[in-house]
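Chains as they are written, first to last, in the numbering used here: chain L, 55 to 286; chain S, 234 to 447.
Since the hints were made in silico from the structure, they are not lab data. Positions of the beta carbon are idealized from the N, C-alpha and C atoms, including for glycine. Accuracy of the hints is not assured; some may be wrong.
Stated by the list, open to error - Derived coverage of chain S by chain L (criterion: at least 3 residues anywhere in the stretch with Cβ under 8 Å from a Cβ of chain L; other residues may be distant):
1. 290-300
2. 322-332
3. 342-350
As the list claims (entries may be wrong) - Looking from chain L toward chain S, a few residues come up when the C-beta cut is under 10 Å (computed):
4. THR65
5. SER66
6. PRO67
7. ALA69
8. LEU71
9. LEU73
10. THR78
11. ARG80
12. VAL91
13. GLU140
14. LEU146
15. LEU147
16. SER150
17. SER151
18. THR152
19. THR195
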Amino acid sequence: MTTPKGTPKETSPLAALFLRDIRTGRRIGGGTSLGIVFFLILVTLCAFAIGPDLRLLGKIAPAILWISGLLSTLLGLDRLFQADHEDGSLDLLLTSSTPLELIILVKCLAHWILTGLPLAATAPIFGLMLNLPLSELWSVTLSLLAGTPSLTLTGAIGAALTVSLRRGGLLFAVLILPLCVPSLIFGVAAAGAGEASLVPFATPFLILCALTLIAGVVAPVAAAAALRNGGR
Amino acid sequence: MKPAAMLARGSITMQLCASNLTIARGGRAIIANLSFALCAGECLALTGPNGAGKSTLLRALAGLLPLAAGTISLSPLSEEFVPQQAHYVGHADGLKGLLTVTENLEFFAAILDVGMGGLPVKTALGKLGLAHAAKLPVAYLSAGQKRRVALARLLAVRRPIWLLDEPLTALDTASRVLLGQIMTEHLTQGGLIVAATHAGLDLKGQELRLRAAG
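Just need the whole structure built from these sequences, with the hints factored in.
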């Protein structure tokens with residue numbers, strides 16, 4: 055890619071950060087496709103474990119897709135700040151005049167575009183594998199689209215807390231998985247709200263959207279506080 | 234040497250003042266009750282044996298470590314801006330190996346900018362003799378070249394205070410001379426430098442000798 059001659063100062067700091075994270079994420083060697091493959095493997099494993107009962111499989115497909123989506127989203131999320139911490143660029147981000155909260159929000163956005171978005175996009179295909187009723191395909195996709203950002207944002211708090219730990223992956227999962235329960239509950243409820251369901255789609259879906267919005271406000275502040283105190 | 238007195242003399246030059254700094258790591262005071270004042274155009278060379286707290290002091294000045302006591306102030310600006318007026322070049326170069334030299338530097342030029350301008354990325358790289366490597370991924374560079382890319386940040390974004398932790402590490406003789414020239418130029422433009430070093434820096438200024446604690 056050739057960069058046009060001129061003043062790099064015109065790039066806004068957050069746009070530059072977004073571009074850098076997307077570039078590193080893409081060049082790391084199939085980061086996105088690997089997440090999808092992991093998602094596929096989890097879904098397949100569940101299908102094998104449950105057996106050939108298609109009616110049962112179709113009934114619990116939203117839950118399987120959501121748990122697989124949750125695990126795939128959190129996979130690699132513990133490295134969100136760790137990579138920057140190890141190469142020293144986190145120190146430099148801390149001396150930037152751009153608020154750390156915004157920096158974290160942009161990093162989460164870049165991470166979600168590389169992991170959560172492709173996940174939601176491929177979920178209907180994997181739904182077919184699980185005998186998910188056609189009427190529920192779109193509700194699963196929409197619920198993952200609205201719900202995975204909250205998982206990424208919540209994960210950012212754990213990533214910030216475990217940033218300086220070499221083997222923080224397990225601690226990260228223990229810290230973050232309980233916090234994902236609300237999103238999981240309303241995500242699965244929204245995903246399973248097809249024509250045959252008693253619950254209308256909108257009720258759990260709107261709560262899921264609210265959870266994502268709350269995470270969008272709380273998580274950057276919490277993660278920033280954790281990172282600022284990380285030097286102690 | 235009160236900052237107010239400095240300002241009263243009508244000079245708008247900057248002064249970095251640290252008073253009664255105490256910095257603790259893991260409950261143990263590494264730096265205790267340290268005070269210094271550094272005027273624009275001066276270099277403070279931090280010397281002392283390993284573990285004396287040179288890096289700790291630099292990280293604290295960059296706002297990366299909390300102060301147990303004391304204050305750091307940059308007159309005429311207020312206290313809270315010190316880290317944002319400072320370039321920190323630590324042991325880690327802060328570069329992404331997968332990105333090219335130019336991409337790395339353009340990122341820093343955007344994110345570290347504080348509205349004081351700076352050289353275009355291409356010129357900054359040229360000044361450090363890296364023009365030929367601009368399109369290479371950083372992972373392919375040698376340790377000394379990576380160091381020079383990190384130092385090119387100092388030129389790509391203008392900030393008055395330079396906090397350099399062992400800036401000469403991994404640099405060859407020619408690059409050391411080059412860095413000396415760049416630092417001298419920064420000082421003549423009214424900049425401030427705090428550098429931890431074992432090798433002597435031939436620059437105008439003071440030396441602060443830290444002793445190993447306990």
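We went through each hint and held it up to the structure:
| no. | hint | result |
| --- | --- | --- |
| 1 | 290-300 | holds (count 6) |
| 2 | 322-332 | holds (count 10) |
| 3 | 342-350 | holds (count 7) |
| 4 | THR65 | holds (4 Å) |
| 5 | SER66 | holds (7 Å) |
| 6 | PRO67 | holds (5 Å) |
| 7 | ALA69 | holds (7 Å) |
| 8 | LEU71 | holds (6 Å) |
| 9 | LEU73 | holds (8 Å) |
| 10 | THR78 | holds (5 Å) |
| 11 | ARG80 | holds (9 Å) |
| 12 | VAL91 | violated (21 Å) |
| 13 | GLU140 | holds (7 Å) |
| 14 | LEU146 | holds (5 Å) |
| 15 | LEU147 | holds (7 Å) |
| 16 | SER150 | holds (5 Å) |
| 17 | SER151 | holds (5 Å) |
| 18 | THR152 | holds (7 Å) |
| 19 | THR195 | violated (31 Å) |
Consistency with the previously given hints fails for numbers 12, 19, ordered from lowest to highest.
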